[in-house]
Amino acid sequence: MEKRAEIIVKGDVQRVGYRDRVEKIARKLGIKGFVENLKPYDVRIIAEADEEVLQEFIKAIEIKKAPIFVEKIEANYSEPTGEFKFFEIKRGNWEEELGERLDTAGNLLYRVAELSERSVELGEKTVALGEKTVALGEKTVALGEKSVALGEKSIELGEENLKIGRQMLEKQDQTIAEIRKVSEKQDQTIAEIRKVSEKQDQTIAEIRKVSEKQDQTVEQIKGMREDLKSYMERRFQQLEYEIIKIKEHIGIQ
Numbered sequence: 003m004e005k006r007a008e009i010i011v012k013g014d015v016q017r018v019g020y021r022d023r024v025e026k027i028a029r030k031l032g033i034k035g036f037v038e039n040l041k042p043y044d045v046r047i048i049a050e051a052d053e054e055v056l057q058e059f060i061k062a063i064e065i066k067k068a069p070i071f072v073e074k075i076e077a078n079y080s081e082p083t084g085e086f087k088f089f090e091i092k093r094g095n096w097e098e099e100l101g102e103r104l105d106t107a108g109n110l111l112y113r114v115a116e117l118s119e120r121s122v123e124l125g126e127k128t129v130a131l132g133e134k135t136v137a138l139g140e141k142t143v144a145l146g147e148k149s150v151a152l153g154e155k156s157i158e159l160g161e162e163n164l165k166i167g168r169q170m171l172e173k174q175d176q177t178i179a180e181i182r183k184v185s186e187k188q189d190q191t192i193a194e195i196r197k198v199s200e201k202q203d204q205t206i207a208e209i210r211k212v213s214e215k216q217d218q219t220v221e222q223i224k225g226m227r228e229d230l231k232s233y234m235e236r237r238f239q240q241l242e243y244e245i246i247k248i249k250e251h252i253g254i255q
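Residue 65 in our numbering sits at position 63 of the sequence shown; the count goes up by one each step and never skips.
There may be inaccurate statements among the hints.
The calculated DSBU-like cross-link candidates involving lysine-lysine, where the alpha carbons are at most 30 Å apart (straight line), are [as the list claims (entries may be wrong)]:
#: 1; residue 1: LYS197; residue 2: LYS249
#: 2; residue 1: LYS197; residue 2: LYS187
#: 3; residue 1: LYS74; residue 2: LYS30
#: 4; residue 1: LYS249; residue 2: LYS201
#: 5; residue 1: LYS87; residue 2: LYS34
#: 6; residue 1: LYS155; residue 2: LYS127
#: 7; residue 1: LYS30; residue 2: LYS127
#: 8; residue 1: LYS197; residue 2: LYS155
Derived CB-CB ranges, DEER-like [unchecked claim]:
#: 9; residue 1: ILE166; residue 2: ILE192; range: 32 to 42 Å
#: 10; residue 1: GLU53; residue 2: LEU138; range: 57 to 67 Å
#: 11; residue 1: LEU230; residue 2: HIS251; range: 28 to 38 Å
#: 12; residue 1: ILE166; residue 2: LYS187; range: 23 to 33 Å
Just so you know, these hints were derived from the structure itself, not from any lab.
Just so it is clear, CB atoms sit at the ideal spot from N, CA and C, and this is done for glycine as well.
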């Protein structure tokens with residue numbers, strides 16, 4: 003739906019080329035109307051177009067890029083009159099317009115000079131950064147050379163470690179072989195010990211047999227001693243009896 007908008011723009015919008023920017027935006031969007039300076043500092047715009055197009059137009063003219071700086075936009079809507087066939091800039095007398103053009107050119111030149119100074123400053127900073135970059139590059143090269151030297155030493159140490167590792171593996175293999183030999187000898191020793199143990203068991207058995215025989219011999223000796231004792235006692239009794247008889251016979255008391 004087509005509407006008519008009366009727009010008041012406040013801020014740094016006069017003598018900075020703002021009306022030219024507004025005209026270009028309006029022509030691009032197909033808006034009809036005009037833009038003019040409104041004393042003392044504002045800009046007035048009359049625009050007719052679809053309501054959505056007018057909203058887009060208002061957003062587009064809110065410019066905040068030096069030397070233009072829009073602080074505020076006021077818009078009032080009404081029905082369109084259809085009196086405009088295109089969009090134009092309403093200018094004042096030639097002296098005002100010339101003065102505004104000169105002011106615009108001056109602002110632009112000042113902006114260019116300001117940007118040039120900043121460019122020089124940035125250039126100087128860039129040169130300084132370049133020098134620092136070169137210095138850092140030289141340091142990086144030096145560090146790289148040191149890293150290469152350290153790398154070579156690391157390789158040498160690695161080769162020595164590898165050599166030592168191989169020697170240790172060889173010694174470990176020899177140690178394992180010796181351990182196996184010792185283990186085999188231990189197995190043989192254990193076998194011999196088992197044989198000795200078996201012989202000891204046999205010896206103990208023989209000793210036990212001898213002990214049993216000794217016990218039997220002792221018993222036999224004990225029996226013989228008792229028999230001999232009984233015999234001697236009987237013999238002594240017989241002798242005493244015979245002596246008594248002899249004494250009686252010869253008359254000895």
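Structure-based check of each hint:
| no. | hint | in the structure |
| --- | --- | --- |
| 1 | LYS197 <-> LYS249 | violated (76 Å) |
| 2 | LYS197 <-> LYS187 | holds (15 Å) |
| 3 | LYS74 <-> LYS30 | holds (23 Å) |
| 4 | LYS249 <-> LYS201 | violated (70 Å) |
| 5 | LYS87 <-> LYS34 | holds (6 Å) |
| 6 | LYS155 <-> LYS127 | violated (41 Å) |
| 7 | LYS30 <-> LYS127 | violated (41 Å) |
| 8 | LYS197 <-> LYS155 | violated (62 Å) |
| 9 | ILE166 <-> ILE192: 32 to 42 Å | holds (38 Å) |
| 10 | GLU53 <-> LEU138: 57 to 67 Å | holds (60 Å) |
| 11 | LEU230 <-> HIS251: 28 to 38 Å | holds (31 Å) |
| 12 | ILE166 <-> LYS187: 23 to 33 Å | holds (31 Å) |
Going through the hint list in order, the structure does not satisfy hints 1, 4, 6, 7 and 8.
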